[in-house]
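Input sequences plus hints: build the corresponding full structure.
There are 2 protein chains.
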Amino acid sequence: MSKKVKVGINGFGTIGKRIAMAINKQNDMSVSGIIKKRPDYNAYYAVEKGFKIYAVSEKEAEAFQKAGIEVRGTLVDLIKESDIIIDATPGGIGETYRPLYSELDINVIYQGGERASVAEGSFNALCNYDESMGKKTLRVVSCNTTGLLRSICALKDLAEIKKVDAVLIRRGADPPEIKKGPINAITINPPTIPSHHAHDVKTVLPWVNISTAAVVVPTTLMHVHHVTIRFKHNIKKNEIIEILNAYPRIIMVDSKSTKIESTAQLMDAARLGREKGDINELVIFEDSITIEKNELQFFQAVHQESIVIPENIDAIRASLKLAQKLESIKETDRTLGLTKRLY
Amino acid sequence: MSKKVKVGINGFGTIGKRIAMAINKQNDMSVSGIIKKRPDYNAYYAVEKGFKIYAVSEKEAEAFQKAGIEVRGTLVDLIKESDIIIDATPGGIGETYRPLYSELDINVIYQGGERASVAEGSFNALCNYDESMGKKTLRVVSCNTTGLLRSICALKDLAEIKKVDAVLIRRGADPPEIKKGPINAITINPPTIPSHHAHDVKTVLPWVNISTAAVVVPTTLMHVHHVTIRFKHNIKKNEIIEILNAYPRIIMVDSKSTKIESTAQLMDAARLGREKGDINELVIFEDSITIEKNELQFFQAVHQESIVIPENIDAIRASLKLAQKLESIKETDRTLGLTKRLY
Chain Z
8 MSKKVKVGIN
18 GFGTIGKRIA
28 MAINKQNDMS
38 VSGIIKKRPD
48 YNAYYAVEKG
58 FKIYAVSEKE
68 AEAFQKAGIE
78 VRGTLVDLIK
88 ESDIIIDATP
98 GGIGETYRPL
108 YSELDINVIY
118 QGGERASVAE
128 GSFNALCNYD
138 ESMGKKTLRV
148 VSCNTTGLLR
158 SICALKDLAE
168 IKKVDAVLIR
178 RGADPPEIKK
188 GPINAITINP
198 PTIPSHHAHD
208 VKTVLPWVNI
218 STAAVVVPTT
228 LMHVHHVTIR
238 FKHNIKKNEI
248 IEILNAYPRI
258 IMVDSKSTKI
268 ESTAQLMDAA
278 RLGREKGDIN
288 ELVIFEDSIT
298 IEKNELQFFQ
308 AVHQESIVIP
318 ENIDAIRASL
328 KLAQKLESIK
338 ETDRTLGLTK
348 RLY
Chain X
8 MSKKVKVGIN
18 GFGTIGKRIA
28 MAINKQNDMS
38 VSGIIKKRPD
48 YNAYYAVEKG
58 FKIYAVSEKE
68 AEAFQKAGIE
78 VRGTLVDLIK
88 ESDIIIDATP
98 GGIGETYRPL
108 YSELDINVIY
118 QGGERASVAE
128 GSFNALCNYD
138 ESMGKKTLRV
148 VSCNTTGLLR
158 SICALKDLAE
168 IKKVDAVLIR
178 RGADPPEIKK
188 GPINAITINP
198 PTIPSHHAHD
208 VKTVLPWVNI
218 STAAVVVPTT
228 LMHVHHVTIR
238 FKHNIKKNEI
248 IEILNAYPRI
258 IMVDSKSTKI
268 ESTAQLMDAA
278 RLGREKGDIN
288 ELVIFEDSIT
298 IEKNELQFFQ
308 AVHQESIVIP
318 ENIDAIRASL
328 KLAQKLESIK
338 ETDRTLGLTK
348 RLY
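These protein sequence lines are chains Z and X, in that order.
Sequential numbering of the first sequence, starting at 8, is according to the working numbering.
Sequential numbering of the second sequence, starting at 8, is according to the working numbering.
Where hints are given, some of them may not hold.
Which copy is meant is left open, because identical chains are indistinguishable; a pair holds if it fits in one copy or across any two.
[Unchecked claim] With a straight-line Cα cutoff of 25 Å, these simulated PhoX-like cross-link-like pairs (lysine-lysine) come out: (1) 283 with 186; (2) 186 with 44; (3) 11 with 142; (4) 187 with 263; (5) 187 with 266; (6) 169 with 300; (7) 266 with 186; (8) 243 with 170; (9) 239 with 300; (10) 13 with 32; (11) 169 with 239; (12) 169 with 244; (13) 283 with 187; (14) 32 with 11; (15) 169 with 243; (16) 300 with 244.
For the record, the hints were derived by calculation from the structure and aren't laboratory data.
Printed below as a string of structure tokens:
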């Protein structure tokens, strides 16, 4: 087997820790180390799992030493030990590290919380892997944008798309975020239309005519999207279902037989068949698929903590030219157990 | 002044108690009595406010006597004491009283939780008051349908409407409902498209081409709708804003200046200027009004506890032919303080 590429992960929160565990399952890459900002339960988990811990700088290292956690060096040291960095820092923070990454001439995969201009290109494996091959820096678009791109790219070859309209019902916070809200409100966020998601979809698919409108609601589990796609030609329901069933990283859920009608039941079902209960796939509620001539409507759900994990693995391969598109997607899906079944 | 018509109210929950208080403010009607199913804080409030309490039957009366609450008679007695009955019983229960109402030949206003077939016609004051004049039984459509009808009827004269599409983000429960959910989920409800709301809008406006899709979320304050209206001709933003500003029972909220971007802030603002903090109007978020050629998009919010209250007052007048449409609407809005300002 060829030598594994070494991936340093800056940030070990919701996304970073999941990427680290996903890399552990790959044959062509390994985790060189992870950066934690400060010691907490995720840091102890990292130690438990055998990841080498680096601190952002000497200053941050002290707190780890006090907590009894061995620190192997600084971010600069980790970059020097790595072939590529996954920046999984909080939204907007990745940008602040860009001068350093650039100075040390390292490939970087940023997350969707950064502005598109942070990287050479925005990335979604199924939509633009080929165009992303060899780019030194990539940005895996956000969870909501990833969800929209999966359904758009799955359906774009069926008939030319005239317009996509989506209403995003976003989760208020991730499960561990105790300081975010709302507790009891529906927030129009942003109060103007379109939301930034439409623009973000275009960073990957510049040709698509899309509008998005978004609210935030008091739940932590998943986002839900109501998607309307108007095609140039009339379409048939069985064609749509066939394509979505065959497409990678999309799971169709039939509410009638499973009685899964909510994000809570989806997450509960995933705990039966999925490690840690994550759903890396986009979930489409099959019974909601409704067609009127050239217009398709449906509901989909996005597990914000994990939908971008397979995309990050593929982004590493694309940036470092480790594999071709379908080869990478197939290997990622095999190793992560994305079997198109929840349980 | 002419003699006041006597209105009996069957049900004194979220809607019934508000209708009773609203009738107290009218010059042409008074509450003959209210039916409570069982004694609770709403029953004590009714006593406090001087409403005469009736029990459904002799059997239910006992519990009131034990609770020290005087019962004036049964539902049959109340019907005989009244010129019209407001049925504000829980959804689906009104239908079970229909044979009795019919037997005693009383006019009845049902609520939107009943099937459309319960009454001679479905009612919204601004959309079909004239067609409802003199009908013995009317059904005031539900809160969500009332919200949709207000914006559709406000805008229908601007240009011919080709299609209305709405995504309804519904509150999970009313504030006092401690046994309903979801607590932490987005429920696709119903899991199929269209939801019943599209059909319900057509009970008042049979000509409208409408599709609705709905989810339920963990909040108690208000519903939020994302509405798309495609007209046959191109439209202009200033025309839309002008019409909505001039239309009764619609309040425009400018998020930029007020910082009101959520249902929580709306309800908090209403507590400044509105008795009991109710918002009887449909609220439209002005900054969300977005136009592309012939297509209009915006967000609106519906206070489910109170939006139908003015409609019930007008429905009484329409059924009993007490007043013409604009006369009734103007009087209802004056007495309820619907000044097009929240505070």
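Copy assignment of residue 187 with residue 266, given that the CA separation must stay at most 25 Å:
Between copies only: 18 Å across chains, 31 Å inside a chain, cut-off 25 Å.
Alpha-carbon proximity between residue 11 and residue 142, which holds within one copy, between copies, both or neither at 25 Å
Within one copy only: 19 Å inside, 79 Å across.
Homo-oligomer pair classification [residue 170, residue 243; C-alpha up to 25 Å]
Result: close both inside a copy and across copies, 17 Å intra and 21 Å inter.
Cα distance capped at 25 Å. Does residue 187 pair with residue 263 within a copy, between copies, both, or neither?
This pair counts as between: shortest inter-copy Cα distance 22 Å, intra-copy 34 Å.
Could you place residue 169 and residue 244 in one of the four classes (within, between, both, neither) given a Cα distance threshold of 25 Å?
both (18 Å within a copy, 23 Å between copies)
Please work out whether the CA atoms of residue 169 and residue 300 approach to 25 Å or closer within one copy, between two copies, in both situations, or in neither?
Both. Shortest intra-copy (13 Å) and inter-copy (15 Å) distances satisfy the 25 Å Cα cut-off.
Go through the copies and call it for residue 13 and residue 32: within, between, both or neither, with a Cα cutoff of 25 Å.
For residue 13 and residue 32, the Cα distance is within 25 Å only inside one copy (13 Å; across copies 75 Å).
For residue 300 vs residue 244, is the C-alpha pair at or below 25 Å within one copy, between two copies, both, or neither?
For residue 300 and residue 244, only the intra-copy Cα distance (10 Å) is at most 25 Å; the inter-copy one is 29 Å.
Have a look at residue 266 and residue 186 and pick one of within, between, both or neither, based on CA distance no larger than 25 Å.
between (33 Å within a copy, 20 Å between copies)
Evaluate residue 169 and residue 239 at a C-alpha cut-off of 25 Å and name the case that applies: within, between, both or neither.
both (6 Å within a copy, 18 Å between copies)
When no copy is named, should residue 239 and residue 300 be tagged within, between, both, or neither for a Cα gap of at most 25 Å?
Close inside one copy (10 Å) and across copies (18 Å); limit 25 Å.
Give the relationship of residue 32 and residue 11 under a CA distance limit of 25 Å: within one copy only, between copies only, both, or neither.
Answer is within; shortest intra-copy Cα gap is 12 Å, inter-copy 79 Å.
The structure shown violates none of the earlier numbered hints.
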